[in-house]
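J.: What follows is each chain in one-letter form.
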Amino acid sequence: MNGKQFRTPLKGALGLGSARQGMHHFVVQRITAAALFLLAPWFVWTVLRLLHLDAAGAHALVAQPCTAVFLLAFVFAVFWHAQLGLQVVIEDYVHTRGTQMALQIAVKFLCFLGGAACALAILKIALGR
Amino acid sequence: MSANARPLSPHIGIYRWQIQMVTSILHRATGIALAAGTILLVVALLALAAGPQAWAGVAAFCGSWIGTILLIGWTWSLAYHWLNGIRHLVQDLGHGFLPATFVRNGWIVTIGSLLLTALVWACVFAQRGGA
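So the protein lines, in turn, are chains F and E.
Heads up: the first sequence at position 123 corresponds to 123 in the numbering used here, and the numbers run straight through without jumps.
Heads up: the second sequence at position 122 corresponds to 122 in the numbering used here, and the numbers run straight through without jumps.
Don't take each hint at face value.
[As the list claims (entries may be wrong)] Each pair of labels, with its calculated beta carbon distance range:
1. E:I69 - F:L10: 44 to 54 Å
2. E:L89 - F:A119: 18 to 28 Å
3. F:A60 - E:G94: 45 to 55 Å
4. F:L48 - E:R28: 37 to 47 Å
5. F:R20 - E:G57: 40 to 50 Å
6. E:A5 - F:A106: 21 to 31 Å
7. E:A50 - F:I105: 27 to 37 Å
8. F:P65 - E:P10: 50 to 60 Å
9. E:A5 - F:V69: 21 to 31 Å
10. F:V89 - E:Q18: 13 to 23 Å
11. E:R28 - F:M101: 12 to 22 Å
12. F:G98 - E:R104: 42 to 52 Å
[To be verified] Sample of chain E residues facing chain F (criterion: CB under 10 Å; computed from the structure):
13. Y15
14. I32
15. T38
16. L78
17. I86
18. A118
19. V120
20. V124
21. R128
Since the hints were made in silico from the structure, they are not lab data.
The structure displayed is predicted, hence computed values, not measured ones.
Positions of the beta carbon are idealized from the N, C-alpha and C atoms, including for glycine.
Just chain F, same shape as in the assembly (with noise of 0.2 Å):
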């Protein structure tokens, strides 16, 4: 078609031309998505079913090895989906490149370290006792 009116020689200028990765990106946040169509109307089940129980009911049902491992697997598809997700949205809106930069580091950290405490703490539950 008439790409040629598009484009502009900042492109060239900054060094901003497209990375060639934004597809797995793409196919991450579907695939993720995919589990939590799954995965998410379980987890707010088995929430439901934590209301009438006390501490040690409660560290029952998550020690179950199905409820452990699927709450492993809602936990990693939460943080995965919502790091690629954050990404996007400072990409957007942040446009001082330090700061994307650290808010860019600073969402990859918070993720690990959510989905790992989680992680950690579903294991000594599960194989705890």
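With chain F fixed as given, assemble chain E onto it according to the hints.
T.: For chain E alone, kept in the frame of chain F given last:
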């Protein structure tokens, strides 16, 4: 800079509010809210692993009025992001782009998210009342 006249998008101020932009904005907003909500997920799981005393603290927070308001907000955010996410996945497969279909699906998602939130909290209040 390029001297030719490039096509420009109309500026934000001249847009009339419409369901197409509201669903998009809400998807981002609820996504950010849910990301913040993972803090409670982390705290709750760590508390459950730590013992009954820590778990009682989390349960007390969730039962307090501020905890209840936050949890209702997160329930709606999850319901909305989930339903609208399904709409996005369907669109990724190439369906639902006709304006009339788009508007209809936008309303299904919006009203459906409120119904799902009501359903979940009806369960919660029924159990709280019964306990």
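J.: Work down the list of hints and note, for each, if the structure agrees.
T.: Okay, the hints, checked on the actual structure:
1. E:I69 - F:L10: 44 to 54 Å: Given range 44 to 54 Å: holds, Cβ gap about 47 Å.
2. E:L89 - F:A119: 18 to 28 Å: holds (27 Å)
3. F:A60 - E:G94: 45 to 55 Å: holds (46 Å)
4. F:L48 - E:R28: 37 to 47 Å: About 27 Å separates the Cβ atoms of L48 of chain F and R28 of chain E, which means 37 to 47 Å is violated.
5. F:R20 - E:G57: 40 to 50 Å: Since the Cβ atoms of R20 of chain F and G57 of chain E sit about 48 Å apart, the hinted range of 40 to 50 Å holds.
6. E:A5 - F:A106: 21 to 31 Å: violated (40 Å)
7. E:A50 - F:I105: 27 to 37 Å: holds (29 Å)
8. F:P65 - E:P10: 50 to 60 Å: holds (56 Å)
9. E:A5 - F:V69: 21 to 31 Å: violated (59 Å)
10. F:V89 - E:Q18: 13 to 23 Å: holds (22 Å)
11. E:R28 - F:M101: 12 to 22 Å: Holds, at about 21 Å.
12. F:G98 - E:R104: 42 to 52 Å: Check passed, 44 Å falls within 42 to 52 Å.
13. Y15: Interface hint status for Y15 of chain E: violated (17 Å vs cutoff 10 Å).
14. I32: holds (7 Å)
15. T38: holds (5 Å)
16. L78: Holds: closest Cβ of chain F sits about 6 Å from L78 of chain E, inside 10 Å.
17. I86: holds (7 Å)
18. A118: Violated, about 13 Å.
19. V120: Result: holds, 6 Å to nearest chain F Cβ.
20. V124: Holds - the Cβ of V124 of chain E comes within 10 Å of chain F, reaching about 6 Å at its closest.
21. R128: It holds, given that the least Cβ distance between R128 of chain E and chain F is near 7 Å, below 10 Å.
Of the hints listed earlier, those the structure fails to meet are numbers 4, 6, 9, 13, 18, in rising order.
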